[in-house]
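The task is to assemble the complex, starting from two chains supplied on their own in separate frames and drawing on the hints.
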Amino acid sequence: MSAIPPEAVAATPKSVARKGIWVGVATGAYGISYGALAVAAGLNLWQAVLLSLLLFSGGSQFALVGVIGAGGSGASAVGTSTLLGLRNGFYGLQVSKLLQETGWRRVLAAQLTIDESTAVSITQPDRTLSRVGFWWTGLSVYVLWGSMSAVGAVLGNAMGDPARFGLDAAAPAAFCALVWSRLNNRRAQLVAVAAGLIALLVSPHTASGIPVLVAALAAVVAGFLPDRSITSADTI
Amino acid sequence: MSLWTTVLLASALSFVTKFAGYVVPQAVLDHPLTDRVMHYLPVALLSALIAVQTFTSGSGSFAFDARAAGLAVAIVCLLLRAPFLVVVVAAAATAALLRAAGIG
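So the sequences go chain by chain: E and Y.
The numbers in this note's numbering rise by one with no breaks, and the one at position 175 of the first sequence is 177.
The numbers in this note's numbering rise by one with no breaks, and the one at position 98 of the second sequence is 1247.
Next comes chain Y alone, as it looks inside the complex (with noise of 0.2 Å):
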């Protein structure tokens, strides 16, 4: 799949979610069930992203270097309720300052 073809159908397929929201019986969707799989869904995903691009090489082998200490320090910037620009930042600094200096 071309980078246009991802972009375009991610965007789509986007958009198709959004509007069932608004033309759906809302009986179909309203589930307990399906409520909290909802609820957990972005944890989930989001958590997986975090592991993968922090702890693996190209390979999908398990990783350790700057990437980590970039993430503790986001972890910190966090506890300490920094906006999202600083944690950002703060991580990718991090990650730089220790490759610059020939660690990680």
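Just chain E, with the same shape it has in the complex (with noise of 0.2 Å):
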């Protein structure tokens, strides 16, 4: 994103903060879809709210929203969700080192812990500016993915049937978004082939929802073939 200011200047607690906020800004925009996305599914503007406000994990609310809206069950949709929201426990890991909050500080910055405040606090310099990283980032994201996905779910009420808008290819292409950075070596490639191709062999033979949990062995083979230029902080 060109909005947010280059690193060749040395980073201050004011410079960081900014970014936080900026990365926030963006962020709104994936909400407006998001909220969009969860109307046409089914949900109505309280469930979709909700979710930004007490899931509050990108990836997981449109998984769970694209599962509800191709007809899958909901104990499908809350699998998909929490698998695809496992990482942010391994976030924790790393920046609850860099943190070190305790009591309703704690179950905040918890709450908090994403793919986007985890990437700004763990590539500071510092322990301060990675706090001050990790809180504006994960406070700005917050309030607007919370108060876009309204936005959104305003918007995809008054458009009415979601097909004629394309909404339907719209879920995919937001996935396709998401996935898009995670593709950067051959083996990631490979997962997401075969993981595509996966769910589709098995898609005619079980109720919706299920390919996609099936296909998650794809990383769980990929996992175990060993692999030396994987580290911990790629997965960011």
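These are calculated hints, taken from the structure and not from any lab test.
Please note that the accuracy of each hint is not assured.
Here are the in silico distance ranges between beta carbons for each label pair [said to hold, decoys possible]: (1) Pro1181/Y with His207/E: 32 to 38 Å; (2) Gln102/E with Ser1210/Y: 50 to 56 Å; (3) Val222/E with Ile1224/Y: 22 to 28 Å; (4) Leu110/E with Pro1232/Y: 26 to 32 Å; (5) Gln191/E with Gly1253/Y: 23 to 29 Å.
We treat Cβ as the ideally placed atom computed from N, Cα and C, and that holds for glycine.
Written out as structure tokens, the structure is:
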């Protein structure tokens, strides 16, 4: 994003906070499309917005409404959403060491632990800046993601029939944009193709929502094959 | 499971996962194998979602229609480094226009 100031100048608490705010603004755009897709999938405005405030993890929310919209069961929607959210637990392992929070601040920090806040936090040169980056990014994304979800849900309700506006094509496009930056090595690309094929092969024989869970096996197989080029920092 | 139950259960599990990272001893989760599986899990799940939502009909059988054209346009947009909202809107507009023209 060109809007984010370049890193050439030494980072200060102010510049890191500003970066966090910009990440929040950029995330608002995802929020609008999430809100519109959520109501197209059959959620009401409150359900769409509460997911943004309580679940608060973009990929998981898109996946949950995607599975529901395709007619999948609540159990497979929860399963897919939770599997996609597991990475947040591993982000927590990394940022908790930098934040050293206790009590209610630790609870709040956990809720704000997502891709964006973790990425800004762990790329700072020292602990003070890591904390500034985490809190400003987390809070800015939280506020803008939540409010833009509501805007998207209202817009989605006004649109009426989702297929007429191509909203059923918007969902896979959103997933494609979310996965794009992760396809940065050959094995990740193979996992993507294998998972897609597995899901399509399983799909005619199972209830909706199950094929995606079965395709997660591709990640397990890829993980068991040794690969020295992968480090935990790559997961961001 | 009602839609409200789905929403609240998924939210609760999301928080439990996040909080676990703060309270579970690091040695329990920090293993090269979990690290690698965690690296590929989002890739597998998101790719499977793309495949199912683009290429299957309501019954789960293979289908090829306006959604495939939308996905192709999305990929072109991503190759051109377009921002997220442009990617999504371009894909939706492609499918909507094709349908308005009676294709797919």
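Here is what the structure says about each hint:
About 35 Å separates the C-beta atoms of Pro1181/Y and His207/E, a value consistent with the hinted range of 32 to 38 Å. Distance hint check: the CB atoms of Gln102/E and Ser1210/Y are about 53 Å apart, consistent with the given range 50 to 56 Å. At roughly 26 Å, the beta carbons of Val222/E and Ile1224/Y sit within the given window of 22 to 28 Å. The beta-carbon spacing between Leu110/E and Pro1232/Y, approximately 30 Å, falls within the hinted interval of 26 to 32 Å.
Taken as a hint, the range 23 to 29 Å holds for the pair Gln191/E and Gly1253/Y, whose Cβ atoms sit roughly 27 Å apart.
Comparing the model with each numbered hint stated earlier shows that all of them hold.
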